[in-house]
Each structure stands twice: as structure tokens, then as C-alpha cells.
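Participant: Chains as they are written, first to last, in this note's numbering: chain A, 1 to 274; chain E, 275 to 506.
Be aware that a few hints might be false.
To be verified - Below, a list of computed lysine-lysine pairs in the DSS-like style, where the Cα atoms sit at most 30 Å apart:
hint, chain 1, residue 1, chain 2, residue 2
1, A, LYS116, A, LYS235
2, A, LYS236, A, LYS116
3, E, LYS483, E, LYS332
4, E, LYS483, E, LYS413
5, A, LYS236, A, LYS219
6, A, LYS213, E, LYS398
7, A, LYS236, A, LYS181
8, E, LYS398, A, LYS116
9, A, LYS116, E, LYS434
Stated by the list, open to error - Restraint-style ranges between C-beta atoms, simulated for each label pair:
hint, chain 1, residue 1, chain 2, residue 2, range
10, A, GLU144, E, ASP350, 25 to 35 Å
11, A, LEU96, E, TYR334, 31 to 41 Å
12, A, HIS92, E, ALA456, 32 to 42 Å
13, A, ALA21, E, PHE326, 23 to 33 Å
14, E, ARG297, A, PRO22, 18 to 28 Å
I should point out that these hints are in silico values taken from the structure, not numbers from a laboratory. For each residue, glycine too, the CB sits at the ideal point set by N, CA and C.
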Amino acid sequence: MQKESNIESIAVIGGRGRDGAPEPLASIELKMGDVVSIVGPTGSGKTAFINDIELLADANTPSRRRVLINGRPASDFSGSNSKHPIALITQHTNFLSDLPVHRFLRMHADIRQSDKGESVVQETLDFANQLTGEPIIETIGMTELSGGQTRALLLADAVVIGNSPIILLDEIENAGIHRTKALELLHGFQKIFVFVTHDPRIALLSDRRVVMKNGAMQKVICVEADERRAAQEIKKLDDLILELRAIIRNGDRVGAALLEERLHAIGYQNGVKP
Amino acid sequence: MKVAIVAGPPTSGKTTVIRQVIRRLKESGTRTAYLKIDVQYADEDETIRAEFGIPTKKVYSGDLCPDHCNVIVLGDALEWAQKAGAEVLFVETAGLCLRCSPYINNAVGIVVLEATSGMNLPRKIGPMLSLADIAVVTKIDLISQAEREVFRANIMAAAKADIVETDALHGINTDRIARWVAQSADVGGELLLRGSPPVGTCTICVGKKEIGKEAHFGVLRTLDSDLFYRGE
Chain A
1 MQKESNIESI AVIGGRGRDG APEPLASIEL KMGDVVSIVG PTGSGKTAFI NDIELLADAN
61 TPSRRRVLIN GRPASDFSGS NSKHPIALIT QHTNFLSDLP VHRFLRMHAD IRQSDKGESV
121 VQETLDFANQ LTGEPIIETI GMTELSGGQT RALLLADAVV IGNSPIILLD EIENAGIHRT
181 KALELLHGFQ KIFVFVTHDP RIALLSDRRV VMKNGAMQKV ICVEADERRA AQEIKKLDDL
241 ILELRAIIRN GDRVGAALLE ERLHAIGYQN GVKP
Chain E
275 MKVAIVAGPP TSGKTTVIRQ VIRRLKESGT RTAYLKIDVQ YADEDETIRA EFGIPTKKVY
335 SGDLCPDHCN VIVLGDALEW AQKAGAEVLF VETAGLCLRC SPYINNAVGI VVLEATSGMN
395 LPRKIGPMLS LADIAVVTKI DLISQAEREV FRANIMAAAK ADIVETDALH GINTDRIARW
455 VAQSADVGGE LLLRGSPPVG TCTICVGKKE IGKEAHFGVL RTLDSDLFYR GE
């Protein structure tokens with residue numbers, strides 16, 4: 001894995017919540033290799049939080065937060081024509097190009113890492129195909145990809161070709177990609193990943209999570225051994241839900257007996273684990 | 275007085291960018307004025323006057339190309355803004371064919387491009403971009419990182435302009451534009467266009483609708499020939 005930037009950490013220095021009061025959590029520092037989730041009810045300011053990072057806020061957004069890179073003001077890093085160190089994948093982010101997948105990726109690779117265009121394109125496709133149900137066909141147009149394939153490729157492209165040191169993902173669980181696999185793959189990269197999420201599986205597979213409320217950072221929760229164990233059970237339940245989804249997608253019925261049988265198979269009886 | 279001329283395709287966010295910059299200049303106590311040059315409809319002069327309480331004006335270019343109109347009226351506009359007590363005049367022109375560069379010497383030339391308009395746009399528009407001082411890229415949150423980077427690389431290949439990526443909501447990075455404008459030189463002496471915009475008034479522009487070279491005067495060509503001239 002090549003190392004492109006010399007960013008070691010970013011810090012978000014708290015501003016004020018929607019009520020104008022200082023944020024209860026005064027600051028949070030994220031180091032290379034960290035996987036962090038941002039949780040909280042809808043409207044609590046999760047998306048605004050990652051937007052502040054993306055914009056390298058300097059007390060100039062409504063939250064008045066400041067972003068530091070390696071402990072210094074981020075403005076030192078956002079020089080006019082230098083590369084932006086952050087990739088943001090929102091729910092609106094999309095590919096607009098109708099170029100064939102392979103040509104599109106190759107074009108991006110050539111402007112980023114001209115010396116090894118073809119190998120990073122293949123690496124990107126391999127990464128994306130581990131996250132999707134149906135593999136991506138290299139010769140079809142970018143705009144013909146399914147929603148899940150598009151999210152998978154957006155992520156793979158930002159991680160592998162873009163090689164951005166900081167990657168922000170807004171509610172990727174809605175994309176229909178393989179989440180556990182995604183977290184597993186991402187943990188192998190020395191980058192900072194920030195997930196805005198409502199998904200317990202993503203939150204518990206992160207290292208830490210920031211809790212938002214009323215536009216303000218409330219606290220940080222580190223995922224510890226007990227939660228990791230719970231995460232294993234949640235994974236089983238979540239896989240069961242995915243299995244039920246597959247049954248319904250196939251045009252079959254889901255009955256009480258089938259549900260009981262499946263619950264039993266993963267160790268649950270009468271809704272309780274013995 | 276300082277002048278900033280803002281060009282760019284329709285709906286690219288020119289007015290939004292100007293509003294963000296005017297807001298910042300106003301906060302630092304700078305008196306601004308705003309002129310909009312459009313073809314047949316514009317209400318930005320009213321909305322900006324209502325929002326900031328600054329002198330504004332609009333000109334409809336009608337059958338003239340708006341950038342052509344800009345060349346003709348800008349001298350008067352400078353006088354108007356000067357009399358109105360402005361320290362900075364913003365001129366927003368609605369480019370039509372996007373081959374023009376309405377920028378003049380000493381004034382700050384700003385092109386506003388939307389990231390959603392396709393990665394190759396910077397390679398297609400010529401002097402509107404290549405002669406600009408600042409290229410502002412809007413709507414960056416709607417496209418993939420890949421397209422954003424290719425868009426940026428294509429701007430850098432086409433122009434030496436300072437690139438400012440911004441969002442409509444907060445106008446982040448528009449601080450840089452405000453600083454640039456505030457620190458720019460005053461316009462003075464003979465005002466000259468930076469490049470020659472292809473705004474020649476032709477038979478088609480003035481309303482002749484017949485198809486075929488036989489019906490027209492001026493600079494013509496056949497399908498296979500070079501340009502030739504017919505007329506006085």
C-alpha cells in the first residue's frame with residue numbers, strides 16, 4: 001500500500017450546538033488507521049459534522065468548529081491547487097460520467113498514479129466486487145451500474161485510486177453493499193474512515209463512536225470487549241434479516257415456522273438465548 | 275475602484291458565489307455594487323439589493339450577445355458605480371456560447387463552473403477559463419471523488435487560474451475570493467479586454483433565419499472550405 005500524504009492525525013475542535021452553547025465534547029482527535037462512527041438521531045448534526053471535516057472548517061461554518069491537521073490549522077493544507085486530502089461519499093454522491101467502467105477508472109488512475117494505472121484499476125475492481133452481489137462488468141457505462149455497485153465503486157475508487165488519507169461516508173448502509181466485508185477491508189488501510197451511520201453493525205465494528213445531539217458532539221464511546229461480543233450476535237441477527245430479505249426477493253414466503261427454525265439455528269429459542 | 279467580472283454557464287452558481295463574496299466584503303466594511311447583464315430576464319439585481327442594500331443594476335442585452343453587451347456598456351457602468359460610491363463593482367455576465375472571455379485588464383476575472391457539468395467542460399470552454407484569475411467549482415458534493423479530481427486536473431491543464439471549490443450552503447473558501455478582490459488593483463487608464471471574444475455581430479445573430487451560405491454576408495465557409503469573406 002503506498003503512502004501518499006504525510007497526514008498523521010486530524011482533530012475537530014468543538015464549536016457550539018444548535019442552542020449556541022459550547023459542545024459538551026470539547027474536541028476529538030482521529031489518527032491514521034482509525035475507523036470512527038458518528039451516531040445520533042436524525043437531525044442531530046451528524047452530516048454537518050462530516051461536512052465540517054470535508055470543508056476543513058475554521059470557525060466559518062454554523063457550528064464554529066475548527067479542524068486541525070497534525071495539530072496545525074487545516075488552512076495550511078488547503079493551499080490553492082494542492083490535492084484535497086478528503087473524500088466524501090454522501091447519499092447524493094454519484095457518477096455522472098457515462099464512460100465504460102474500465103476507461104473511467106483508468107482515466108482517474110492516470111491523473112493520480114500515472115506509473116501504475118492498470119494495476120490500481122484491477123485492485124479497485126477487485127475491492128468493489130467483494131462488496132457487491134453482482135460483479136461489476138468493466139465494459140458497461142458508469143451510469144448503468146446498480147445503486148449498490150455504484151456505492152461499492154465510489155468507495156473502492158476513493159480508497160484505492162484516489163488514495164485519500166481521510167474518507168467520510170454518509171449512511172453507506174443504505175447502499176446495499178456488504179457492510180461487514182467493507183469494514184474488514186477498510187481496517188486494512190492506514191487511513192481515517194468516518195461513518196455517519198444508524199447501523200449497529202457498522203457502529204460496533206468501528207473503533208469508537210461519537211454521539212451527536214442537537215447539533216453538538218456529546219461524547220465518545222470506545223468499543224470494548226463486551227460490545228465486540230455483542231457485535232458477533234448482532235452480526236448473526238443481521239445476517240438472518242439479510243437471509244429473510246433474500247427469501248422475499250426470490251418470491252418465496254417467510255412464515256413463523258421458518259423464522260423460528262432460523263432463530264434456533266443460530267442458537268435462539270423462544271426469542272431468548274439459552 | 276476595483277472590478278470583478280464573473281462569467282460562467284447558466285445555473286453554474288455565479289450569483290450564489292457573488293452573494294457569498296459580497297457578504298464577506300460587507301462584513302469587512304467594503305462598499306460594493308452589482309451589475310447583471312443577461313439576455314431577457316434577470317431578477318438578481320432586486321434580490322441582491324434587498325439582501326445587502328447595495329446599488330444594483332441590470333441590463334438586458336436582447337439580440338446582442340451578453341458578453342458583447344458587456345464590452346459596450348462597461349465604461350458607463352464604471353461611472354455609475356463610482357458615482358454610487360462603490361469601492362468594488364461586481365459584473366455578472368450570462369455567457370451564451372461559452373467561447374468568450376469578458377475579463378478586462380486590472381479587473382479580477384472569475385469563472386464559475388459546476389462540477390456536475392461533465393469532466394471535460396474545462397477543456398471545452400476556452401478563454402472564459404484560460405484567461406480567468408480564479409476558477410470557482412460549485413456543486414462538488416454531488417459528484418464522485420474521481421470526477422472531482424479529473425475536473426480539477428482538466429482545469430489545471432487549461433488554465434493557470436487559482437481553483438476554489440465551494441459549496442452553496444456555507445460558501446466555504448469564498449474567503450479567498452473576497453481577499454483576492456479586496457487586494458486587487460484599481461481599474462484605471464485604458465480599459466482593454468484580455469482576449470478577443472468572438473462576438474462579431476453576424477447576419478444570423480441579427481435575425482436572418484435562412485439556411486445556407488448563399489443567404490448570408492460576412493465571414494462564411496462551405497462544408498469543406500476555409501473561411502472566406504463576402505460583403506463590403
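Participant: Next, verify each hint and record whether it holds.
Facilitator: Verification of the hints:
For a cut-off of 30 Å, the pair hint linking LYS116/A to LYS235/A is broken: about 37 Å separates their Cα positions. In summary, the hint linking LYS236/A to LYS116/A is not supported, as the alpha carbons are separated by about 40 Å, beyond the 30 Å threshold. Straight-line distance between C-alpha atoms of LYS483/E and LYS332/E comes to about 29 Å, which keeps the hinted pair within the 30 Å bound. With a CA separation close to 37 Å, the supplied pair LYS483/E and LYS413/E exceeds the 30 Å bound.
For the given pair, LYS236/A sits about 28 Å from LYS219/A by alpha-carbon distance, which is consistent with the 30 Å threshold. Annotation: proposed proximity of LYS213/A to LYS398/E is violated, straight-line Cα distance about 46 Å (limit 30 Å). Annotation: proposed proximity of LYS236/A to LYS181/A holds, straight-line Cα distance about 14 Å (limit 30 Å). Restraint check: the Cα-Cα separation between LYS398/E and LYS116/A comes to about 28 Å, which is no more than 30 Å; the hinted pair holds.
For the given pair, LYS116/A sits about 27 Å from LYS434/E by alpha-carbon distance, which is consistent with the 30 Å threshold. As the Cβ distance of GLU144/A to ASP350/E is approximately 53 Å, the hint placing it in 25 to 35 Å is violated. In this structure the hint that LEU96/A and TYR334/E lie 31 to 41 Å apart at CB holds, the actual value being about 33 Å. For HIS92/A and ALA456/E, the Cβ-Cβ distance of about 34 Å falls inside the hinted range of 32 to 42 Å, so the restraint holds.
A C-beta distance of roughly 31 Å is found between ALA21/A and PHE326/E, which places it inside the suggested range of 23 to 33 Å. The given range of 18 to 28 Å is respected by ARG297/E and PRO22/A, whose C-beta atoms sit roughly 25 Å from each other.
Hint compliance for this structure: hints 1, 2, 4, 6 and 10 are not met, and every other hint is.
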